[in-house]
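K.L.:
The residues making up each chain are set out below.
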Amino acid sequence: MSELGVRDQSLPVGSFGRKSSGWYGVWTLVLTESAIFVYLLFSYFYLASQANGDWPLGGIPSLKLAAPNSIILLLSSAALLWAERSGARRGQRLRLLGGITIALVLGIVFAVVQLREWQTKVFSIHSGTYGSIYFVVTGFHLAHVVVGLLVLLALLVWAVLGYFDRERHAPLTIGAIYWHFVDVVWLIVFASLYLAPRLR
Amino acid sequence: MNSSELGQAPRIMSASESVIDLKLKAIWETRPGIRGVLCSVDHKRIGIRYIVTAFVFLFMGGIEALIMRLQLSHSDLKILSPEAYDQLFTMHGFTMIFLYAGPVLSGFSNYLWPLLLGSRDMAFPRLNALSYWIFLLAGIFLYASFPLGLAPNAGWFNYPPYSSISYNPGPNIDFYLLGLIFLGISTTVGSANFLVSLLRTRAPGMSINRLPILVWGTLTASIGNLLAVPAVSLACVLLFMDRQFGTHFFDVEQHGQPLLWQHLFWMFGHPWVYAIVLPALGIVSDALPTFCRRPLVGYTPVALATVATMIVGFGVWLHHMFATGMPMLSLAFFSAASLVITIPSAVSTFAWIATIWTGKPVLTTAFLFLSSFIVLFVIGGVSGVMTGAVPLDWQLTDTYFVVAHLHYVLIGINVFPVIGGIYYWFPKMTGRLMGERLGRWNFWTMFIGFNLGFFPMHIVGLMGMPRRIYTYAPGLGWDTINLITTVGSFVFAVGIGLFLVNLLVSLRRGRPAGANPWDAPTLEWSVPSPAPAYNFVVIPVVASRHPLWEDRLNESPERSSLSRGYRLVQGRETLATTVLDAQPDLILKMPGDSYAPVVLALALSMLFVGLILHSLWCTGIGVAATALAVLVWLWPQRRLGQRAEPAHV
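Just so you know, the sequences run in chain order F and G. Residue numbers for the first sequence follow the numbering used here, beginning at 1 and rising by one. Residue numbers for the second sequence follow the numbering used here, beginning at 1 and rising by one.
Treat the hints with care, since some could be wrong.
[Said to hold, decoys possible] Chain F residues, not near chain G, derived (Cβ > 10 angstroms throughout):
1. V13
2. A35
3. R90
4. R168
[Said to hold, decoys possible] For lysine to aspartate or glutamate, the following EDC-like pairs were computed, each having C-alpha atoms within a straight-line distance of at most 20 angstroms:
5. F:K19 - G:E645
6. G:K360 - G:D519
7. F:K64 - F:E117
8. G:K360 - G:D479
9. G:K78 - G:D479
10. G:K360 - G:E550
11. F:K19 - G:D585
12. F:K121 - F:D54
13. F:K19 - G:D581
[As the list claims (entries may be wrong)] A few chain G positions that, by computed beta-carbon distances, are all more than 12 angstroms from chain F:
14. R31
15. F59
16. L211
17. N225
18. L226
19. I379
20. F490
21. A603
22. L611
Hint data in this document are derived by calculation from the structure and do not stem from the laboratory. In this text, a Cβ means the ideal position worked out from N, Cα and C, and glycines have one as well.
Excised from the complex, chain F in its bound form:
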């Protein structure tokens, strides 16, 4: 009888990058979190389609802060990509620590600018459906940014403690997927709330 597939072969053990369960796990998180934002934007467009008059409240949202801020978030993603690709995978400790730090700092800048942007709005969360949905959508995203910053902070601590080397850095790979996801979602939110109203 043939020994189906039973072979004496050496297999890797434990968490290995894309072979770790956590890598698969974070994609399920991305899937279900994407669904949340799909439903949020559905709500936004639904309310927009049913609104009479005042939409968006206070005129088309300004790009003065939001556009540069989007670029800051993209740069943060790029820094993290660099930390992983050219730092962790090549065993370059300095690039690893530097990349995560830059990503973290740029992420904090994004959050601060976003709070500033909230202050410049002439309406509040209590101002009709537009005020409600604007602050809830951007608030949901900002909450994801805050969680992402905590993830980056944990990754930085673990990197400092020397938990990552060339072979083992699955937590970095997994955390980075979440951070990139938060960035991509921002681009979609930005396009829906800031750019789409300009198309009329």
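Chain G: place on chain F using the hints.
P.N.:
The following block gives chain G in isolation, referenced to the frame of chain F:
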């Protein structure tokens, strides 16, 4: 870095299946005592806990229903006040749909998946424990409102504006909203666990065309849940914001849209209906053939029908809203999509009938439950087609016809297969068979009681009796039918009671079952009963869909290797295989028993309790404790191969 830490050649060895392996036992078995109760991550314990807890909720929901049936047994009765009646039907619906029907199937799948797939545990054992603890605590959270007289009272789908703060100022609705968000976390992490377990922890050779249909069902339900649960969680967040933080999503005065709630709720609600039936259909597709002494007819069409049902199920939510004044085009589209569902349903139905027809049925109690399910499925399906047709739906909306339909669907397609499934797998879980004699009484009482209780609801619905009324005037011609319904529901309850008696008696005095009392074909029956903590002495290698029937069916010269396979005893380990063709890929280091899940679940409870009490402190501490618990949980461990080895080793 030494190579043995990074890679290892797994030992392949032979073992007799009936041998309890002491080394594996020491590695995998949960320690006794309170620590074991709180820390266990054994999927079998968690699965049984899920089933037992879900049944406790079934009994509570059942008692609520019986009290309501007493109230409705005759016109103008005053057993319940209108407010009490509202709370009862809301809690009954919430309990049965969210705390019984979904979780009981998670219980089966938690118990069975690793055994069906040939693995030692689920992909995320601690997440598995977490999903159970959250389910339990969310249920307790919701039921805490009951003794306070503050239970949710706006029906299980909780439509605004009635559920808004202006019309419903008490905390009743907040219990509903927060409870549902809390429970959603459990459903979501559970679904993620099933999905990753399927992708990673199948035994070598278990390619997707060899998966049991239960696995297809739970997989489909899990993906559906991951995509659908956020809709209702979001709806609950938005309504909670409206009620507590002054937003205007559903507030008509500020151009808010109550219909937005209905959209979000049913975008979740309809896929959820399939999430709580597809795994149950899987139970039937896997267990029924065993009693027909032949493989399931049409494995591939049935598997595809399962997936197709869910895909179409995402495009039918509007049929719950036909009466809300939609444009004709939407009505036509959603009605057509709803009727399309009959095609995959019919495929499965004819496959089951053909399996019985061409098999040699053995009339056990399990067979009775599983085969009678087909009858109930067809009745519930036909009334579903009726309500899916727009003109008829306009007539039937909010009448007892809909109540009859949804009970045929939920009891017929969920409760009957679940009880059949318990008769089938009880020997694997406990090592004993359930009594057949009492089983017959159990089945016939339930079957007769159910049809007596619920079929007449169709008629009284067609006569125009609306649902959700706490009483009705005499002289409408509804009294007799309602009395019959009440009698039937009590007979049904007696049937459930007989099941409970049979279960408890069999637990003590049931006939000992061997490893495979039904002579069944799938992997779970290759291990001793009850299944040992480590499941398999060696990870088997699978060569067909029916590993234990290969000699008999002789479909190919290849044979599964059950007693010779991967040993894996360097700590808690199981084999990861590749996604598509299930070739060995990696040795997974599995976490052991841990306090992390129960602590995280308690931290989350604190957050939700804080929100219902409007206590900033309690909420804040809950958030901080949650973040801390997650951090500790995820801290990379050397034991699990999650971090680099120190350079000096």
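K.L.:
All the hints need checking, so say for each whether the structure fits it.
P.N.:
Here is how each hint holds up against the structure:
1. Not every C-beta of chain G lies more than 10 angstroms from that of V13 of chain F, the closest at about 5 angstroms, which undercuts listing it as non-interface.
2. With a least CB separation of 4 angstroms from chain G, A35 of chain F falls inside the 10 angstroms interface cut-off, contrary to its annotation.
3. Non-interface call for R90 of chain F relative to chain G: holds, since the shortest CB-CB distance, roughly 14 angstroms, exceeds 10 angstroms.
4. Residue-level check failed: R168 of chain F sits 5 angstroms from the nearest beta carbon of chain G, not beyond 10 angstroms.
5. Of the supplied pair hints, the one linking K19 of chain F and E645 of chain G holds, its CA atoms being roughly 18 angstroms apart against a limit of 20 angstroms.
6. Between K360 of chain G and D519 of chain G, the direct Cα distance comes to roughly 14 angstroms. Compliance with the 20 angstroms bound is thereby established for this hinted pair.
7. Restraint check: the Cα-Cα separation between K64 of chain F and E117 of chain F comes to about 9 angstroms, which is no more than 20 angstroms; the hinted pair holds.
8. Our distance criterion of 20 angstroms between C-alpha atoms is broken by K360 of chain G and D479 of chain G, whose separation comes to about 45 angstroms.
9. For the hint linking K78 of chain G to D479 of chain G, the alpha-carbon distance of about 15 angstroms falls within 20 angstroms, and the restraint holds.
10. Between K360 of chain G and E550 of chain G the alpha-carbon distance is near 18 angstroms, which keeps this suggested pair within the 20 angstroms criterion.
11. Taking the CA atoms of K19 of chain F and D585 of chain G, the gap is about 8 angstroms. The hint holds against a cut of 20 angstroms.
12. Of the supplied pair hints, the one linking K121 of chain F and D54 of chain F holds, its CA atoms being roughly 15 angstroms apart against a limit of 20 angstroms.
13. Distance check on the hinted pair: K19 of chain F and D581 of chain G sit about 15 angstroms apart at the alpha-carbon level, within 20 angstroms; holds.
14. Annotated as non-interface, R31 of chain G keeps its C-beta farther than 12 angstroms from every C-beta of chain F; the closest such distance is 24 angstroms.
15. At roughly 32 angstroms from the closest C-beta of chain F, the C-beta of F59 of chain G stays outside 12 angstroms, upholding its exclusion from the interface.
16. No Cβ of chain F approaches the Cβ of L211 of chain G within 12 angstroms, the least distance being about 17 angstroms, so the stated non-interface status holds.
17. The Cβ of N225 of chain G sits about 8 angstroms from the closest Cβ of chain F, inside the 12 angstroms cut-off, so the non-interface label is violated.
18. For L226 of chain G, the requirement that its beta carbon stay farther than 12 angstroms from each beta carbon of chain F is not met, with the minimum near 4 angstroms.
19. With a minimum CB-CB distance of about 34 angstroms to chain F, I379 of chain G clears the 12 angstroms threshold, and the non-interface call stands.
20. The beta carbon of F490 of chain G sits about 42 angstroms from the closest Cβ of chain F, which is more than 12 angstroms, so the claim that it is off the interface holds.
21. Distance check for A603 of chain G against chain F: the nearest CB is about 15 angstroms away, which clears 12 angstroms, and the non-interface claim stands.
22. For L611 of chain G, the non-interface assignment is confirmed: its Cβ lies about 15 angstroms from the closest Cβ of chain F, beyond the 12 angstroms cut-off.
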